[in-house]
Amino acid sequence: MTDRPDHIPWFRKMLEIRLFEEKVQELFMAGLIEGTTHLCQGQEAVPVGAVAAMHADDVLTNTYRGHGEALARGMDAEAAFAELMGRSSGCCGGVGGSMHLTDFSKGNVGANAIVGAGLPIALGCAMAFKLREEPRVALTFFGDGATNIGTFHESLNMAAVWKAPIVFVITNNLYGEYSPLRSTTPIEDLARRADPFGIPGVVVDGQDVDIVYDNTLSAIERARSGGGATLLEMKTYRYRGHSRADPAKYRPDGELEAWKARDPIDILGGRLASEGQLSAEEQQNLRKEVSAEIDAAADRAAAAPPPTFEEIQSYVYAG
Amino acid sequence: MPVRTYIEAIRETLREEMRRDASVIVLGEDVGKKGGVFLATDGLYDEFGEGRVIDTPLTESLIIGASIGVSVNGLRPVPEIQFADFIFPAFNQIVSEAARMRYRSNGTFSCPMTIRAPFGGGVHGALYHSQSVEAFFTHVPGLKVVVPSTPYDARGLLRSSIRDDDPVLFFEHKKLYRSVRGEVPDSDYSVPLGRANITRPGTQVTIVAYGLMAHYALEAAELVEADGISAEVIDVRTLRPLDTETLLDSVKKTGKAVIVYEDNRFGGYGAEIAALLAEEAFDYLDGPVTRVAGPEVPGVPYSHGLEDWFMVDPDRIAEAVRRLAAY
Ligand SMILES: Cc1ncc(C[n+]2csc(CCOP(=O)(O)OP(=O)(O)O)c2C)c(N)n1
Ligand SMILES: [Mg+2]
Numbered sequence: 001m002t003d004r005p006d007h008i009p010w011f012r013k014m015l016e017i018r019l020f021e022e023k024v025q026e027l028f029m030a031g032l033i034e035g036t037t038h039l040c041q042g043q044e045a046v047p048v049g050a051v052a053a054m055h056a057d058d059v060l061t062n063t064y065r066g067h068g069e070a071l072a073r074g075m076d077a078e079a080a081f082a083e084l085m086g087r088s089s090g091c092c093g094g095v096g097g098s099m100h101l102t103d104f105s106k107g108n109v110g111a112n113a114i115v116g117a118g119l120p121i122a123l124g125c126a127m128a129f130k131l132r133e134e135p136r137v138a139l140t141f142f143g144d145g146a147t148n149i150g151t152f153h154e155s156l157n158m159a160a161v162w163k164a165p166i167v168f169v170i171t172n173n174l175y176g177e178y179s180p181l182r183s184t185t186p187i188e189d190l191a192r193r194a195d196p197f198g199i200p201g202v203v204v205d206g207q208d209v210d211i212v213y214d215n216t217l218s219a220i221e222r223a224r225s226g227g228g229a230t231l232l233e234m235k236t237y238r239y240r241g242h243s244r245a246d247p248a249k250y251r252p253d254g255e256l257e258a259w260k261a262r263d264p265i266d267i268l269g270g271r272l273a274s275e276g277q278l279s280a281e282e283q284q285n286l287r288k289e290v291s292a293e294i295d296a297a298a299d300r301a302a303a304a305p306p307p308t309f310e311e312i313q314s315y316v317y318a319g
Numbered sequence: 001m002p003v004r005t006y007i008e009a010i011r012e013t014l015r016e017e018m019r020r021d022a023s024v025i026v027l028g029e030d031v032g033k034k035g036g037v038f039l040a041t042d043g044l045y046d047e048f049g050e051g052r053v054i055d056t057p058l059t060e061s062l063i064i065g066a067s068i069g070v071s072v073n074g075l076r077p078v079p080e081i082q083f084a085d086f087i088f089p090a091f092n093q094i095v096s097e098a099a100r101m102r103y104r105s106n107g108t109f110s111c112p113m114t115i116r117a118p119f120g121g122g123v124h125g126a127l128y129h130s131q132s133v134e135a136f137f138t139h140v141p142g143l144k145v146v147v148p149s150t151p152y153d154a155r156g157l158l159r160s161s162i163r164d165d166d167p168v169l170f171f172e173h174k175k176l177y178r179s180v181r182g183e184v185p186d187s188d189y190s191v192p193l194g195r196a197n198i199t200r201p202g203t204q205v206t207i208v209a210y211g212l213m214a215h216y217a218l219e220a221a222e223l224v225e226a227d228g229i230s231a232e233v234i235d236v237r238t239l240r241p242l243d244t245e246t247l248l249d250s251v252k253k254t255g256k257a258v259i260v261y262e263d264n265r266f267g268g269y270g271a272e273i274a275a276l277l278a279e280e281a282f283d284y285l286d287g288p289v290t291r292v293a294g295p296e297v298p299g300v301p302y303s304h305g306l307e308d309w310f311m312v313d314p315d316r317i318a319e320a321v322r323r324l325a326a327y
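In order, the protein sequences belong to chains U and L.
Residues 1 to 319, numbered by our numbering, are exactly what the first sequence covers, in order.
Residues 1 to 327, numbered by our numbering, are exactly what the second sequence covers, in order.
Hints are computed from structural coordinates only; laboratory data are not their basis.
Wrong hints could be hidden among the right ones.
Only part of the chain U face toward chain L is listed, based on derived beta-carbon distances under 7 Å [what the hints assert, rightly or not]: (1) P9; (2) G94; (3) A113; (4) I312.
Derived SDA-like pairs: lysine to any residue, alpha-carbon spacing no greater than 25 Å straight-line [what the hints assert, rightly or not]: (5) L:K34 <-> U:A318; (6) L:K34 <-> U:M127; (7) L:K33 <-> U:D246; (8) L:K33 <-> U:D253; (9) L:K34 <-> U:S183; (10) U:K249 <-> L:P57; (11) L:K33 <-> U:Y250; (12) U:K249 <-> L:F38; (13) L:K34 <-> U:Y250.
Residues of chain U clear of chain L, computed beta-carbon distances all greater than 12 Å [what the hints assert, rightly or not]: (14) P5; (15) E134; (16) R271.
By construction, the Cβ of each residue, glycine as well, lies at the ideal position given by its N, Cα and C atoms.
Chain U with its partners taken away, still in its complex shape (with noise of 0.2 Å):
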C-alpha cells in the first residue's frame, strides 16, 4: 500500500465537498443563493477519485451537478460560493451561477447545463492534444441519462476511430431528473455502450475512491500513451432529488438507507481508521476544521460586490 497517494488529502476533500453543499442549503435558505441548485453528496469519491488521477494539466467538462468537479480540481470554495451568490469574484464572475462553475486556470474548461453538451467538447480538447503531440489528456463527466442524447454515441464513435486522449465518465446515480433508469434505457451496465466502438467499458464501483482512483488512473495512462479512449461507469447513488424542487418521492423505500450504509467518506474514513493513518476522533477534528473553513470561505463571498454590466459586456466579443 506505500506506493498509494496519500489518502488524506482525498478525505479531506471529499469531507469538503459533502461540507460545501451543506452550506449550499444553508445558504438558500437564507436567500442569498437564488435558482436551484444539483448537488452531488452521496457521489463524492467520482469527483476525488477522478480527478486526482489527472494531471495538472490534463482538462475536464461537466456538468450542473458540478460542485465536485470543480472543488476535486482545486477552485477556491470562495470563488464557487461566490459564484453561487453571483458575485463579481465568483468564478464565472456571477454570470453562471451554480449549474456553470467553471476555471480555465485549472483546465476546468466548463460546466454545462445542456445534458450532452460537454462530451464533444472534450473529445475537442483531446484532438488538439492529438494533433498537437501534447502528453495531456481530457476527462467528460456526465450522467446516466445523457447516454441516451446523440452526442454521447457521437463523441465515442469520433473519440474511437481518432484514438483520442479522452476518458468518458459516466456518474450513474441511477436517475436522469425524476426517471429512474431502467424506464429510459434497456440496460443496466452502461459501461457495455462502449462495445459498438470497441473502446473499453469499464462498471466501476463509484463509492470507493480507491476503485475510482485505480480505474481512472489506467484510462488516463492508456489514453496518454496513445491507447485511445475508455469508457468509466461509476456506480453511485445521489442522497437528494434532482435539484432543490425535488423532493425524490419516487425512490423505493430503503434505496437511499442501503446507499448510505456504503457511504464513500465512511468508506475512506473506515479505512483510515484501521490502517492507523486517522482515527475518528482526528477524523472528527478535520470535519470541524473544514467545517470552519467553508463558513468562512461562504462569509468571504457573501461580502463580495456583485457584478456590474459593464463588467459583463465587455466579455461578449474579443474587443
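With chain U held as given, fit chain L with the ligands onto it using these hints.
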C-alpha cells in the same frame, strides 16, 4: 366564471383535448409519472396511460423527430421540451423536417403537432434556463409560433394549436405559470391563431408585446396614464402568422409604436414588427418606431442585479413611451 392559473389552464386543456380526441398524445422528458417538471402534464399519465403519455429518454431530437413520424400517421402529438433552452438539439427536426413536410410532399403530408416549451427569464435560471427562442422559429415558413400571456388565451390558443393541421411552437412564459390568474370559462371556446388582442385601448402610443412583456406593457400603460399619456396595448399572441391588420390599424390611429420583447434586441422578433410598420404605416408615423428589448449578451446572467438589468420592466417601457409621446 372559474379562475385558473396559467399552468392550470394548460393542464386542463391538455386533458380535455385528450378526452375529446384519442389521436392526441403527449410525450417528453418526465411528462408521464412525474407530470412534467412544472407539472403541466400532471394527472394525464394516470388518466390516459403510458400509451398516450410517453416518458421519453433524454433526447430532444428524438422527441421531435418521433413526433413528426407519428403525426404523419394520423396522431396529434403534443411534445414537451422541458425548457425552451433545450430545444436546440431538436432544431434540425423542427426547422428542416417538420416545417417542410407539407411543402415537400405537395400538400400530402402534414405535421399536426404542438411543441410546448417554457421560456423566458426573471426566475434566476441563468444561462441555460432563461432564454427566449421565438425569433429562431418565427423566421421559418411552415411553422406557427404562439405565445399566450393569460390563462384565458393559454387555454383558447392551446386548443386551436392542437386542432391545427400544421406544426405549432407553443411557448409558455415560465414566470407566468403560477403568478398569473384569470377567468377561464369551462366552455369549449377557442382563440383563433393569427389574431392579436387589444388589451387596453388608447390613442397616443401603441405598445406591442407578448408573453410576460404583455403584462409589463399594461403596467407601463398605467404608469404613463399618470402623465396624461393614453397608450394602447396590443398582445400579439400569435407571432406567426402575424395579425398585421390589428397592428397597422392601431399604429395608423396613434402614429407611434413601442415594441417590447424580452429577448436581446438585435435580430429579435420585434424587428419584424418594426419593419412592418416602417413599410406599411410610414405615412402615419409621428415618431420613430421604438424597441425596448434585452441587452446584447448571449444568455441571461445569474447574478440578481444583472438579471434585473437584463429583463425589460414596466419602468423601462414607460420611459420609452414617455419619450416617444413627447417626440
Ligand atoms: C438537452 C437537455 N435536455 C434536458 C435537460 C433537462 N435535464 C436536466 S438534468 C436531466 C437529467 C440528467 O440526468 P443524468 O444525465 O443522469 O444526470 P444527473 O442529473 O443524474 O447527474 C435533464 C433531463 C437538459 N438540461 N438539457
Ligand atoms: Mg443520473
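Is R271 of chain U truly not at the interface, in the sense that its beta carbon sits beyond 12 Å from all beta carbons of chain L? 36 Å, holds
Beyond 12 Å on every Cβ pair: is that true for E134 of chain U relative to chain L? Holds, because the least Cβ-Cβ distance between E134 of chain U and chain L comes to about 30 Å, which exceeds 12 Å.
K34 of chain L paired with Y250 of chain U [C-alpha distance capped at 25 Å]: 9 Å, holds
Restraint satisfaction for P9 of chain U [CB to CB of chain L, less than 7 Å]: 31 Å, violated
Take the C-alpha atoms of K34 of chain L and M127 of chain U, compute the straight-line distance between them, and say whether it is at most 25 Å. Roughly 40 Å separates the two Cα atoms, so the pair is violated.
Restraint satisfaction for A113 of chain U [CB to CB of chain L, less than 7 Å]: 4 Å, holds
Restraint outcome when I312 of chain U is required to lie within 7 Å of chain L by C-beta distance: 6 Å, holds
Would the hint linking K33 of chain L and D246 of chain U be met if the CA-CA limit is 25 Å? 14 Å, holds
Would you check the hint for K249 of chain U and F38 of chain L, treating anything up to 25 Å between C-alpha atoms as holding? Roughly 16 Å separates the two Cα atoms, so the pair holds.
Given the hinted pair K34 of chain L and A318 of chain U, is their alpha-carbon gap at most 25 Å? 44 Å, violated
Restraint: G94 of chain U near chain L, CB-CB cut 7 Å. Satisfied or not? 4 Å, holds
Satisfaction of hint between D253 of chain U and K33 of chain L, Cα-Cα up to 25 Å: Roughly 18 Å between the alpha carbons, so the hint for K33 of chain L and D253 of chain U holds.
Violated hints, listed in ascending order, are 1, 5, 6; each of the other numbered hints is respected by the structure.
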